[in-house]
Amino acid sequence: MQKFSAKTVYRFAVHNSIYIFLFLMLVVIVIMDPSFLSLTTLGIIMGQSASKLIFALGVAGLIIMGGVDLSVGRQVGLAAVLSASLLQAPDYFNVIFPGLNLPLLVPVALAMTVTALISFVQGIMVSKIKVPPFISSLGTSLIVYGVCCIYYDKFAGSAPIGGLREDFTAVSQQGFTVLGLKISYLFIIAMFCAFLVWVIWNKTTLGKNMFAIGGNVNSAKVSGVNVSKNMLIMYILAGLLYGLGGAFEGARTGSASNVLGQSYELDAMAACVVGGVSMKGGVGTIAGVIIGVIILQVINYGLVFVRVSADVQYIAKGAIILLAVMADAKKRSMID
Amino acid sequence: MKKTRILLALLLVAVFMFSACTQTAQQPSESAPPEQEQPQKSEEPAPVEEEPAELPSIGMTVYSYANTYTSYIRKGIQNYIAAGNLAEIQVADAENDAAKQIEQIDTYIAQGVDALIVMPVDTAAASTMVDKAKAAGIPIIFVNKRPSVDVLKSYDKTIFVGLPLVVSGEMQGQMVVDHWNSGKIADRNGDGVLQFCTVTGDLGHPDAEARVVGNRNVFDASGIKYEELDRQVASWDTTKAKDVSEIWLGKWPNDLDIIISNNDAMALGVLETIKQTGIDVPVVGINCLPQVHDMIRSGEYFGSVLSDPWKQAKAAVDLTLNAINGKDWFDGNEWEVEYNAEENSIRITDIMITAENLHLAEEAYKNCT
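Sequences listed follow chains A and B, in order. The first sequence begins at 1 in my numbering and counts up one residue at a time. The second sequence begins at 1001 in my numbering and counts up one residue at a time.
The set of hints was computed from the structure by calculation and includes no laboratory data. Heads up, a few of these hints could be off.
[Stated by the list, open to error] Pairs of lysine to any residue, SDA-like flavour, derived with a Cα cap of 20 Å:
(1) B:Lys-1132 / B:Gln-1111
(2) B:Lys-1275 / A:Lys-330
(3) A:Lys-154 / B:Asn-1367
(4) A:Lys-182 / B:Gly-1250
(5) A:Lys-182 / B:Asn-1367
(6) B:Lys-1275 / A:Tyr-92
(7) A:Lys-154 / B:Ala-1098
(8) B:Lys-1366 / A:Ile-96
(9) A:Lys-182 / B:Asp-1093
(10) B:Lys-1100 / A:Leu-138
(11) A:Lys-229 / A:Met-125
(12) B:Lys-1275 / A:Ile-45
(13) B:Lys-1275 / A:Asp-167
(14) B:Lys-1311 / A:Gly-157
(15) B:Lys-1275 / A:Gln-262
(16) B:Lys-1366 / A:Phe-155
(17) A:Lys-154 / B:Lys-1366
(18) A:Lys-182 / B:Lys-1100
(19) B:Lys-1100 / A:His-15
(20) B:Lys-1366 / A:Tyr-92
(21) B:Lys-1366 / A:Phe-93
(22) A:Lys-182 / B:Pro-1253
(23) A:Lys-182 / B:Leu-1203
(24) B:Lys-1275 / A:Thr-40
(25) A:Lys-154 / B:Thr-1369
(26) B:Lys-1275 / A:Val-171
(27) A:Lys-154 / B:Val-1091
(28) A:Lys-317 / B:Asp-1202
(29) A:Lys-182 / B:Asn-1079
(30) A:Lys-154 / B:Gly-1250
(31) A:Lys-317 / A:Lys-229
(32) A:Lys-317 / B:Gln-1111
(33) B:Lys-1275 / A:Phe-176
(34) B:Lys-1275 / A:Phe-155
(35) B:Lys-1275 / A:Pro-98
(36) A:Lys-154 / B:Asp-1093
(37) A:Lys-154 / B:Asp-1202
(38) B:Lys-1275 / A:Phe-93
(39) A:Lys-330 / A:His-15
(40) B:Lys-1275 / A:Lys-154
For clarity, every value in this text was computed on a predicted model and none was experimentally measured.
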């Protein structure tokens, strides 16, 4: 009985190591500064995670299929620059396209279309031409950044695109208060996206195929899954999410420049990994992705809150990601 | 396999031929300008024989296209050259990579440019650049970030336009001290101590470090009581600065007297948080970009430090052309700038900008967009 319980504890610790670690970290942060525990903190963390969750949902599907996407950040940047340039307040001193008064959804939809197209092309490269996802997304990210710089330079004169319309920024910055907790509209949108993606992953053939492809491409093929078609659809879905998240990330910042989005791909993938999405493919849950994004944001926020310097923050983040992957590997070996 | 190789070889040949064609296609446009130069000559009484038949070629490498402020200097240089049809200029983006910048300089020298204008990524690499320019016998003009004085003195065809890094930070610190003493920056918690937070550029970036040191120098010298509540890196990124300032304003809503930003781009992120939360903490930045002019006018943004990009651009081009033509550095110069022989530098004086003297900043950026 005793032996059994020790084993159970060990199993529990391995399976939940990342949450235990997070909990310990929270305890340390709260001991260092008890004022961390507040609804303000929670509200800000939710607001900051919203757009990151949207990108992470996109890339998670690709990781589950056994891929990576290094172009997330640059696609987000392009979406932010595009939509911001089309959604400036008419009375701003430096309006790029004067006299434009588009409904809010048009530029956002345009940004989403552009990123969906970019991801579609990437999907073709990966699924039809068999370019490794690492390489195809690396190339894509460079091209997208170049295009974004040209657009930014030509139209915005290499200056941050500011003076965004109030109705646009309000989506990311404003919200409503429930029992003292401020929830931004963007967080609701992110949750809605999470729900949609959950339905796709768990309730559709596409989702089942996605897990099958990630688990073992060959057996998926043998059992009649159209691998390239399913991959293409998942890439388009990812692109749509990058575009949506990117547009509102610009709105959250109140301006957009070509720097926006830099290294977001690593944050998004790290969040997935921390949340238990396996880089080997085939495994992952929506709840995991949400928790992963929030964990990383809590760490980002918490470390700044207790005034940890930037260099130590890098070390902490790196350690957490490694821990998550090691826990994942251990879990798998225990199951096997 | 063989077929692919042949195909590749053919492709390569095609690329070479194509690039050769584009080069020859450029020839006429290079020889055309002398006609357009006529009106310009009538302005300047310079003797005609001194003007070369072909425009001089300049190779410029800037440390990052992603940097807004230096983009204005770059635009200023391009506009000034285009307006007077003074030269053929090529611009390359070093993408914040010192090794890449050296490669670009190699390429320019191999192309046979007449002069180099460099906004260095890493001033420590400047000696290598100067050696290369020296070997090729062409002038090399540094803008924005100053290489060490030894390097600037190692070659008679090199000079620097700009300021030692620490000056902008000192100027910003002075602005804070002046307005703290005058009471325009309020002591929000009434404890007689200036409480502030600093949002900085990249970790270890020389500009970021120098600006923090500059602030500190002035604070220490002024004898005011101060306390830095926190300092965080936002890597010149508006979004990151917004995230960090959300934390600060959530934590010290009543104690923060001012937020000091290493540049305007990050200050914009902080201002967005202030607008969103309604907590009225003044913010100061550096660069005084056009994006912030309206905010300075309305008082939303307390102030910024201006290093005139147009003066820097003009000085850089004029110096380069003089060097190409073998004239004295300062031949025919009309810009009011100070030459510091000790540092072999043209110093563009920094100015503190608040709502009262905003017109100076508007003037400075007018020709750089």
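Now for the hints, and whether the structure bears them out:
Taking the CA atoms of Lys-1132 (chain B) and Gln-1111 (chain B), the gap is about 13 Å. The hint holds against a cut of 20 Å. Proposed proximity of Lys-1275 (chain B) and Lys-330 (chain A) is contradicted: the alpha carbons are some 47 Å apart, above 20 Å. Note on Lys-154 (chain A) and Asn-1367 (chain B): the hinted pairing holds, with a Cα-Cα distance of about 16 Å set against a maximum of 20 Å. Proposed proximity of Lys-182 (chain A) and Gly-1250 (chain B) is supported: the alpha carbons are some 13 Å apart, at most 20 Å.
For a cut-off of 20 Å, the pair hint linking Lys-182 (chain A) to Asn-1367 (chain B) is broken: about 44 Å separates their Cα positions. Restraint check: the Cα-Cα separation between Lys-1275 (chain B) and Tyr-92 (chain A) comes to about 16 Å, which is no more than 20 Å; the hinted pair holds. For a cut-off of 20 Å, the pair hint linking Lys-154 (chain A) to Ala-1098 (chain B) is broken: about 26 Å separates their Cα positions. Between Lys-1366 (chain B) and Ile-96 (chain A), the direct Cα distance comes to roughly 16 Å. Compliance with the 20 Å bound is thereby established for this hinted pair.
About 43 Å separates the Cα atoms of Lys-182 (chain A) and Asp-1093 (chain B), which puts this hinted pair outside 20 Å; it is violated. Restraint check for Lys-1100 (chain B) and Leu-138 (chain A): satisfied, since their Cα atoms lie roughly 18 Å apart, inside the 20 Å limit. Our distance criterion of 20 Å between C-alpha atoms is met by Lys-229 (chain A) and Met-125 (chain A), whose separation comes to about 12 Å. For the hint pairing Lys-1275 (chain B) with Ile-45 (chain A), the CA-to-CA distance comes to about 18 Å; that is within 20 Å, so the pair holds.
With a CA separation close to 15 Å, the supplied pair Lys-1275 (chain B) and Asp-167 (chain A) stays within the 20 Å bound. Restraint check: the Cα-Cα separation between Lys-1311 (chain B) and Gly-157 (chain A) comes to about 19 Å, which is no more than 20 Å; the hinted pair holds. Distance hint between Lys-1275 (chain B) and Gln-262 (chain A) is unfulfilled; the C-alpha atoms sit about 25 Å from each other, more than 20 Å. Distance hint between Lys-1366 (chain B) and Phe-155 (chain A) is fulfilled; the C-alpha atoms sit about 17 Å from each other, no more than 20 Å.
About 17 Å separates the Cα atoms of Lys-154 (chain A) and Lys-1366 (chain B), which keeps this hinted pair within 20 Å; it holds. A threshold of 20 Å between alpha carbons decides the hint, and for Lys-182 (chain A) with Lys-1100 (chain B) the separation of about 46 Å lies outside it, so the pair is violated. About 46 Å separates the Cα atoms of Lys-1100 (chain B) and His-15 (chain A), which puts this hinted pair outside 20 Å; it is violated. Note on Lys-1366 (chain B) and Tyr-92 (chain A): the hinted pairing holds, with a Cα-Cα distance of about 17 Å set against a maximum of 20 Å.
Using a Cα cut-off of 20 Å, the hinted pair Lys-1366 (chain B) and Phe-93 (chain A) holds, with the two alpha carbons roughly 13 Å apart. Among the hinted pairs, Lys-182 (chain A) with Pro-1253 (chain B) is consistent with the structure: their alpha-carbon atoms are about 17 Å apart, no more than 20 Å. A distance of roughly 32 Å separates the Cα atoms of Lys-182 (chain A) and Leu-1203 (chain B); the hinted pair therefore is violated under the 20 Å criterion. Of the supplied pair hints, the one linking Lys-1275 (chain B) and Thr-40 (chain A) holds, its CA atoms being roughly 16 Å apart against a limit of 20 Å.
Proximity of Lys-154 (chain A) to Thr-1369 (chain B) is assessed by CA-CA distance (about 10 Å); at most 20 Å being required, the pair is judged to hold. Of the pairs offered as hints, the one joining Lys-1275 (chain B) and Val-171 (chain A) holds, with about 15 Å between alpha carbons and a cut-off of 20 Å not exceeded. Restraint check for Lys-154 (chain A) and Val-1091 (chain B): satisfied, since their Cα atoms lie roughly 15 Å apart, inside the 20 Å limit. Note on Lys-317 (chain A) and Asp-1202 (chain B): the hinted pairing holds, with a Cα-Cα distance of about 17 Å set against a maximum of 20 Å.
Using a Cα cut-off of 20 Å, the hinted pair Lys-182 (chain A) and Asn-1079 (chain B) is violated, with the two alpha carbons roughly 48 Å apart. Between Lys-154 (chain A) and Gly-1250 (chain B), the direct Cα distance comes to roughly 38 Å. Violation of the 20 Å bound is thereby established for this hinted pair. Simply put, Lys-317 (chain A) and Lys-229 (chain A) have alpha-carbon atoms about 36 Å apart, too far for the 20 Å limit, and the pair is violated. Restraint check: the Cα-Cα separation between Lys-317 (chain A) and Gln-1111 (chain B) comes to about 45 Å, which exceeds 20 Å; the hinted pair is violated.
Proposed proximity of Lys-1275 (chain B) and Phe-176 (chain A) is supported: the alpha carbons are some 17 Å apart, at most 20 Å. For the hint linking Lys-1275 (chain B) to Phe-155 (chain A), the alpha-carbon distance of about 27 Å lies beyond 20 Å, and the restraint is violated. Proximity of Lys-1275 (chain B) to Pro-98 (chain A) is assessed by CA-CA distance (about 25 Å); at most 20 Å being required, the pair is judged violated. Our distance criterion of 20 Å between C-alpha atoms is met by Lys-154 (chain A) and Asp-1093 (chain B), whose separation comes to about 15 Å.
A hinted pair counts as satisfied when its Cα atoms are at most 20 Å apart, and Lys-154 (chain A) with Asp-1202 (chain B) does not qualify at roughly 27 Å. For the proposed pair Lys-1275 (chain B) and Phe-93 (chain A), the alpha carbon gap of about 18 Å is at most 20 Å, so the pair holds. With a CA separation close to 9 Å, the supplied pair Lys-330 (chain A) and His-15 (chain A) stays within the 20 Å bound. With a CA separation close to 30 Å, the supplied pair Lys-1275 (chain B) and Lys-154 (chain A) exceeds the 20 Å bound.
Checked against the numbered hints given earlier, this structure breaks hints 2, 5, 7, 9, 15, 18, 19, 23, 29, 30, 31, 32, 34, 35, 37 and 40; the rest are met.
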